[in-house]
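Chemist: Chains as they are written, first to last, in the working numbering: chain A, 1 to 303; chain B, 304 to 639.
What the hints contain is simulated information worked out from the structure, not anything from laboratory work.
Don't be surprised by glycine CBs; every beta carbon is placed ideally from N, CA and C.
Among these hints, one or two may not hold up.
Computed far set for chain B versus chain A, every beta-carbon distance over 12 Å [stated by the list, open to error]:
1. Asn441
2. Val452
3. Pro457
4. Met511
5. Leu574
According to the in silico footprint, chain B covers these stretches of chain A (three or more CB under 8 Å from chain B) [to be verified]:
6. 17 to 25
7. 56 to 62
8. 205 to 217
9. 232 to 241
10. 269 to 282
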Amino acid sequence: MDSYFLMQIVNGLSAGMIYALIAIGFTLIFGVLNVVNFAHGEMYTIGAFAGLVCINSLHWPLALVIIVALAAGGVAGVVLEKVAFKPFRRFQDEASLKSRAMREATLLSSLAFSILIKEIIQHFFGAEMQTIPAGYLLNDPIKVGSLTFSTGQFLILGSSVVMLGGLQYVLFHTRIGLAIRAISNNPLGAKYVGLSVDKTIIATFAVGSMLGGAAGIMVGLYQGAIFPYMGYAPSLKAFVAMVMGGLSSIPGAVVCALILGVCESMATNFMTQGWSDMVAYSFLIITLIFFPQGIFGARRERV
Amino acid sequence: MNINAKNKIRSRIITLAVLILVLAVVPGILSVLGKSYYIQVANSALIFCILAASMNLITGTSGLLCLGHAAFFGIGAYAAALAATDLGLPFWVTLPLGGIAGGIAGILVALPTMRLISIYFSVATLGVGEIIHVTLLNWVSFTRGPMGVQIYEPITLFGHRFTSLLSVYYIIAVLACISIWIIWKLTNSYFGNALRSLREDDQCAEAMGINVVKLKIQAFGVSTFFAGIAGAILAHSVGYISPDSFQFSESILILAMVVVGGLGSLPGGLLGALLLILLPEVARGLGDFRMIAVGAVMFLSILLLPRGLFGETSAIDLARRQFNSAWNGRQMVGWK
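Using the sequences and the hints given, assemble the complete structure.
Modeler: Below, the structure written as structure tokens:
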């Protein structure tokens, strides 16, 4: 196989891992609340900017920067839940839980918050690209045989695998993971056996947003550019991956995110950079028309 | 002539007088005073009024949450602008052409996606909106890419060239009134009531013999037709369009107008459009807080007025509750 193609595949996998980390947050929140959180892309931006502040004014080491981004994402997720989602769960009765109006109100409030967060960040940091100091930039080349990779790709692939493992542990070996799975399976039933719905939803937002925040700082360190609108494109791709995966299946979302990343980086061989965005959106439309339940939908356990 | 008909005529005359006062006399005075900036704001407010009305037909009246409305606005604008510059067609041809292009694109999008329900439909329109934006941005040989299209020729009707800002404003005002009047008539006809029945319960509507998919496609086609008309008006009145004006954020802005005004209420949607266009202009001293204000107004209106300023669904819910208790012959028992 051509070594160039192999490199493109690795590029695609590292991009796909970023989509996967964001898509997991989407999927967890959709599983528990049955609502798409349109402000999830902003968690990614917040993670990146939290890391930027640590680098520029505190000069902390790299590992600490990533942990701070992780924590910032988690805190932002919890605050978002309290402000944008909690007020719309005032009515806990069955009619309200099922009504379309409640779901749409929540969706619109998350859209409103996505605008607000973006604009507030832009107000404080400016709309232009922020640069990462050279010492922190993760694009030193690493030669493997005839191929050249960069340290950022290894960081992204490695830490994503670690985070996915951690998520799997949380979901299947802790009480809170059990609660998340129970509520995403049957919210009313879980409530009747005494699970605290509010606490579980907050935990879900914290876990999902942490992954998003970490993804943000890793892309920032790898590509060297951080700006208020950076969350939009990756979160839309992650959203596509989530829909392709069937809206509530984490393995489905991860697999589809990787497929999407590889297809996009392959597409740059055949078309210019601008048109390669088309791949994701065409995938979205084709999936919706031919597999409305998602490619990995229906057949798997939710979350 | 009975008293009812007299009242009707009187209220019509009052409405007409208010419309003429607000849309014709005030801008005339502003133009005499030399405040041409306000007329430009009024132009964009009127264009967004058409957009909000068309969005209201699809999202408010028929309950299909569309997240890609700006794309059809963009198709109309590009169709009109390219027809005017490349083919040299006059305004009275490019205007309906923009609308028809938007409508055809809307129907083409609707045909495969209309069987999708609730969130899946929103996601599909979002994807379509992005596809159209990427196409406008990258098909450089046809759309001129990021540079945009410039129209040098002013609006020409009946052999008269409308060069002054005020005359262009009057054309936009007349077109906006006609479009909104047509949408108003549609929403208050059998067609509109059928759409409301879809919003409330589409399975029930289907059981009563309404062809749900056909009706949704018709509604989407009409709505995107008017979005295209708005785009053609924008292209001719501003004279310059670029893909930046037709992004996801514009779709959200239009959605916010409809939400603030109240889903399903046309006057509400128009008021929302005026509010969200004029508010940032009034609060100009705040500078870059413009979009922050849009986000905050949208969130607060969802939180405090879940039905919007003039919500329609609340009235229907009330009626349904009344009828429920009448049918069951007992007091309603709440869930709490």
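Chemist: Work down the list of hints and note, for each, if the structure agrees.
Modeler: Right, here's what the structure says about each hint:
Its closest Cβ contact with chain A, about 4 Å, brings Asn441 (chain B) to no more than 12 Å, contrary to its assignment away from the interface. With 12 Å as the threshold on Cβ separation, the claim that Val452 (chain B) sits away from chain A holds: the shortest Cβ distance comes to roughly 18 Å. The Cβ of Pro457 (chain B) lies farther than 12 Å from every Cβ of chain A, with a closest approach of about 33 Å, so its non-interface assignment holds. Once the 12 Å rule is applied to beta carbons, Met511 (chain B) is consistent with being away from chain A; the minimum gap is 20 Å.
Listed as outside the interface, Leu574 (chain B) is consistent with that label: its C-beta sits roughly 17 Å from the nearest C-beta of chain A, beyond the 12 Å cut-off. Closer than 8 Å: that is the beta-carbon criterion, and the segment 17 to 25 of chain A has 0 residues meeting it against chain B, so the requirement of 3 is violated. Here the segment 56 to 62 of chain A counts 0 residues with a CB under 8 Å from a CB of chain B, which misses the bar of 3, and the coverage is violated. Under a criterion of three residues with beta carbons nearer than 8 Å to beta carbons of chain B, the stated coverage of the segment 205 to 217 of chain A fails, only 0 such residues being counted.
Beta-carbon proximity to chain B at under 8 Å applies to 4 residues in the segment 232 to 241 of chain A; the threshold of 3 is reached and the given coverage holds. Closer than 8 Å: that is the beta-carbon criterion, and the segment 269 to 282 of chain A has 7 residues meeting it against chain B, so the requirement of 3 holds.
In terms of the numbered hints stated before, the structure departs from hints 1, 6, 7, 8, listed from lowest to highest.
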